[in-house]
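Colleague: Given chain A's structure and the hints, the job is docking chain B onto it.
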Amino acid sequence: MTLLDRLLDPFRGEAVTIPPYDGAWKPNTALETAARVAALPEADNLVQDSGGAVWLTGGSTLYRLEDGGVTPAGTFPAPITALAALPGGGLAVALADGGLFLRHGGESRDLRSAFPVAVSATALLASDENTLLVAQGSASLAASEWVPALMRKRHDGAVWTLDLASGKAGRIADGLAFPSGLALDETGAPVVAEAFAHRLTLLGGARPRTVLDRIPGYPGRLSPALGGGWWLAVFAPRNRLIELVLREERFRADMIATVPQEYWIAPALRSGQSFLEPLQRGGVRTMGVRKPWAPARSYGLVARLDAAFRPLSSLHSRADGERHGATSVLDLPQARLVALKGAGEIADILNREPQP
Amino acid sequence: MTLRERLTRLRYNRVPDHLLGEILSKSWADNLVPFAFLVVVVAAFGMLLPGFFAPSSLLDTTRQLGEFLIVVLGLTVVIIGGGIDLSVGSIFALGAFATLSVIYIAEGPVWLAFLAAIGAGAAFGAVNGFLVGYLRLRAFLTTLVTLIIGRSIYDILITTWGARIQSSPVFNDSFDHIGMGALWGQPISALIALAFAVIAHLVMSRSRIGWHFTAVGGARRSAFNVGINVRRTIFLTYVISGVACGLAGFLFAARLSGVGPGTGLGLELAALTAAVVGGNSLGGGRGSIAKGLMGAVVVLLITNGLIRMGAGTGTSQLIVGLLLAAAIILDVRWLKNRHKVLSEVYVAPLHHAMQPAQSALPGSGTAYALNDALAAAEPIALGTVEGPEDVILDADDNLYAGTRHGEIVRWFAPDYTRSEVFAHIGGFPLGLAMGREGEIVSCVGAMGLYGVARDGKVSELSTETRRSLFSVIDDARLRDPNDCDIGPDGRIWFTDSTTRYDAHDWALDSIESRPTGRLLVHDPKTGRTRTVLKNLRYANGVCLSHDGQSLLIAESWACSVHRYWIAGPKQGQLETVIRDMPGYPDNINRASDGTYWMAWLGMRTPSFDLALRHPAMRKRMTRNLPQDDWLFPNINTGGVVKFDESGAIVATLGDLGGAAHPMVTSMREHKGWLYIGGILNNRIGRIRLPDADPAWTSWNSYWGGPVSGDPVSGDRT
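Sequences listed follow chains A and B, in order. So the first sequence is residues 1100 to 1455, counted in our numbering. So the second sequence is residues 11 to 727, counted in our numbering.
For reference, chain A alone in the conformation it holds in the complex:
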């Protein structure tokens, strides 16, 4: 039949396939029903500093998370795109315009001049006392412009190291498909989440090695889990129609040229805000219900990975849910916080929202 198949293939369709939510990725509503901690538009970048304080960002403002909610702790000249706690105390704050501030005590200093080019960081990670790993989504577009970067098929991301003592930066990998999360393997080598390739890649060897692929979404930030392993925030789902549009060069070019970005056939952190957004057949509301398994542009998904980056379990907010666009996870002994940039919320997945 192989010969017959080969003869017939030009006349057949070429199916667009995406990995299913199965195994460790099996859907549930754990993220949708998690307890709400605070509401904050554009909530993102949860970190705990060496002093035990919990920080997060919303737009250009840095916030501190306390029992009563969030309190502003400083405003920066551009939207904050990444945040990391430094082992020696203080925070590293990356801005959409390429700024990189070290904030310690009341002072902050800008290290953007350490880089030979403007680097808009999507993720930061202190790999040791003196070294900061910097993930750059795209060399040509800012970290916040991930949708245009995807639709223009930019595969020009890079990972940099910044020596905090000397202020010197160096590029350790480039040509990556939108790096958007950083972690370290057991030997201390950097692992990067390549969002547009739906995989985690180990750097540091002679050549990059894939440690996890076929992720059913766009992988974002990685953060250490208590008890070993990592948490992975998957900020948007894969969708067959979007994969088709990514193949349709002419249609995509016309769409980029003539359609406002929020109405593109593209993944998003949240969807269903306007009737001008695209709709797929499976998403049609029938008898008052939207199917949870409907194809969606946005989704809520965080996954627990083991130390070898194999998925163990996942928490979902499905197509019919609200808690979409998870961008970072912070695992604390008393709470496991998830920043939902799409929903504009902080949720605690250790606890459930009280059910009426």
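These are computed hints drawn from the structure, not numbers from a lab. These numbers were taken from a predicted model, which means no experiment stands behind them. For glycine and all other residues, C-beta sits at the position ideal for the given N, C-alpha and C. Possibly wrong hints are sitting among the right ones.
Claimed, not checked - Simulated pairs of lysine to aspartate or glutamate, DMTMM-like, Cα-Cα distance not exceeding 25 angstroms:
no. : chain 1 : residue 1 : chain 2 : residue 2
1   : A       : K1390     : B       : D425
2   : A       : K1125     : A       : D1312
3   : B       : K36       : B       : E354
4   : B       : K629      : A       : E1342
5   : A       : K1125     : A       : D1353
6   : B       : K629      : A       : D1353
7   : B       : K681      : B       : E388
8   : B       : K350      : A       : E1342
To be verified - Chain B regions said to be covered by chain A (calculated; three or more residues, Cβ under 8 angstroms):
no. : stretch
9   : 233 to 241
10  : 605 to 619
11  : 689 to 695
Modeller: Just chain B now, kept in the frame of chain A:
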């Protein structure tokens, strides 16, 4: 428009891609491959063998064809019935022997010989039928055994009596005439075969027993469940096959006036090959006499042609065997993949450049700006009604709506908490209208136009119109009747939205954007239905204007409303009233202040508008993605629009969150309230209209108000 886009439009709007899918969806499409093969075989031998189709050669071929064809047709009946008959060669030989023994040994008349042959065939077929049908033995092994037994009996008979037949001095002229004579220039055996084929075709396609054969072959258990006597039906198929073999044996004996040990040897292979190459499925239930005919011609031409070309018996058998194998593979693959091929090729998108529309965004300041007025609608029958496409109220304020369960349900005034099934129709009732006597007229999805009297009695009004001259698909059928209204003279005007998709797949029509919608008119006086307008992009709502002179027609995928004049000086003219709306219009109904209500079933999105200009992209989308992933217009947000006679927009109502009324397909004003329906909704909503005339009803507006002698005034004072 760029040159490239112009070329795209030329390619997709001028080349009729949709015909391929329409042809493949026809049941006769299965005949195309065997027919093409027949043409190829005829052409090939015609070229390779000069004189192959000369009259003398042809006469001999047709003589052989007569006998062979009858055997093949008998076998075709068995195969359609889900069985197989390998014993045809033996029965054929026994039939020939019976004929000859009557003529040459018993010196009997021709009619007796004929009866002997038929009788021998029927008896042997009955044995097969008894074993396979009643004792339920396996057809393949059983007929293999009877093949061997029949052949052995024949061998015994021929060794014992063969010499007496050969040396018989009898000359029977009429017998020889049947064998070698001709009528109107055609061999008699061929004419008999032709008559046999015609009768068999009529029986298989037009008679009860023929349908039973197909039903049993297609799904034995289902056939049993609907009350068909499965065992007797199977028994009969083998008897028919036996009779056919007996008849063929009679003709063979008449042609050669003798038999030998080789008579009928290997016939089962040739006949089986013919039946399968013709396109009859060995699985049963799918086949026809025409297929058997084509297969018989092909196999006979190939075997004769090969012999002429000097190929030995072995080679010829080998090629027939290979042909059988190829046909079986093709049949299995086709049967398995037919629906996939059809679903891949059926949707044939057009290039359709929509003009930009005014914004409907809230706060955009246009007349179309949607608000959240419908979100606050008071729900009726929430969670208990499914799919109220249209709603209507009677003089006693009772509310009626169709449901996807095929019913028209009545909710009782004043609070609409009690309900009853008013009428059961079976199909999905869509548009509703109320006649002078209070009777309801409804467009029923995939069925047609139906009337429901005040006592709930359902009557069929119209299920077909005149078929267009050059349509592949049967467009006489009403595939998606959608909305109707009644003229002052009692004529019922209604739309049939598309000829390409069934009612439940209505939204797929938007992806294709092919204008196949129609406006029709049914005249109850004559019972006739006529097509008035064609080539509308999803003809949807239809509403008689307040003056009764014209109809307003919604063309959904064109986002336009047209006026069609049915009376007055402009009678027969079509003009566009509203164009380039930001939403897709559905039903239209009268409002109390002399304007009109129009439902929006969905909203245009920039991505879908762009996709309409990229038919190739949409084609690949339909081929490469599951249907659930196809890009749709946004039918999760709808609305209600009010417009006046000139087409100016007076008001726009919406439900932006979509929790209560995402898609709106209809609305009806009644005594100061607006009732809202949606084909995919689980509720009917109503909102108070503070400025509306609290006494106004739609029925009064049509039929002249509460005057004395009003037949539906009921208990109204």
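Colleague: Take the C-alpha atoms of K629/B and E1342/A, compute the straight-line distance between them, and say whether it is at most 25 angstroms.
Modeller: Status holds; Cα separation ~15 angstroms.
Colleague: Check whether the Cα positions of K1390/A and D425/B lie no farther apart than 25 angstroms.
Modeller: Not satisfied, since the Cα-Cα distance of roughly 32 angstroms exceeds 25 angstroms.
Colleague: Verify this for me: three or more residues of the stretch 689 to 695 of chain B with a beta carbon less than 8 angstroms from a beta carbon of chain A.
Modeller: Our answer is that it holds, as 4 residues pass the Cβ test (under 8 angstroms) against chain A, meeting three.
Colleague: Establish whether the coverage given for the stretch 233 to 241 of chain B by chain A is satisfied; the threshold is a Cβ-Cβ distance below 8 angstroms, and no fewer than three residues must meet it.
Modeller: Not satisfied, violated; 0 residues make the cut.
Colleague: Does the structure keep K1125/A and D1353/A at a Cα separation of 25 angstroms or less?
Modeller: Since the Cα atoms of K1125/A and D1353/A sit roughly 36 angstroms apart, the hinted pair is violated (cutoff 25 angstroms).
Colleague: Between K1125/A and D1312/A, does the CA-CA distance stay at or below 25 angstroms?
Modeller: holds, 16 angstroms
Colleague: Between the stretch 605 to 619 of chain B and chain A, are there enough contacts, at least three residues with CB-CB distance under 8 angstroms, for the coverage claim to hold?
Modeller: holds (count 5)
Colleague: Can you confirm whether the C-alpha distance between K36/B and E354/B stays at or below 25 angstroms?
Modeller: holds, 15 angstroms
Colleague: Check the hint pairing K629/B with D1353/A against an upper bound of 25 angstroms on the C-alpha distance.
Modeller: holds, 17 angstroms
Colleague: Is it true that the CA of K681/B sits at most 25 angstroms from the CA of E388/B?
Modeller: holds, 15 angstroms
Colleague: Does E1342/A lie within 25 angstroms of K350/B when you go C-alpha to C-alpha?
Modeller: Holds, at about 22 angstroms.
The structure is inconsistent with the numbered hints 1, 5 and 9, although it conforms to all the rest.
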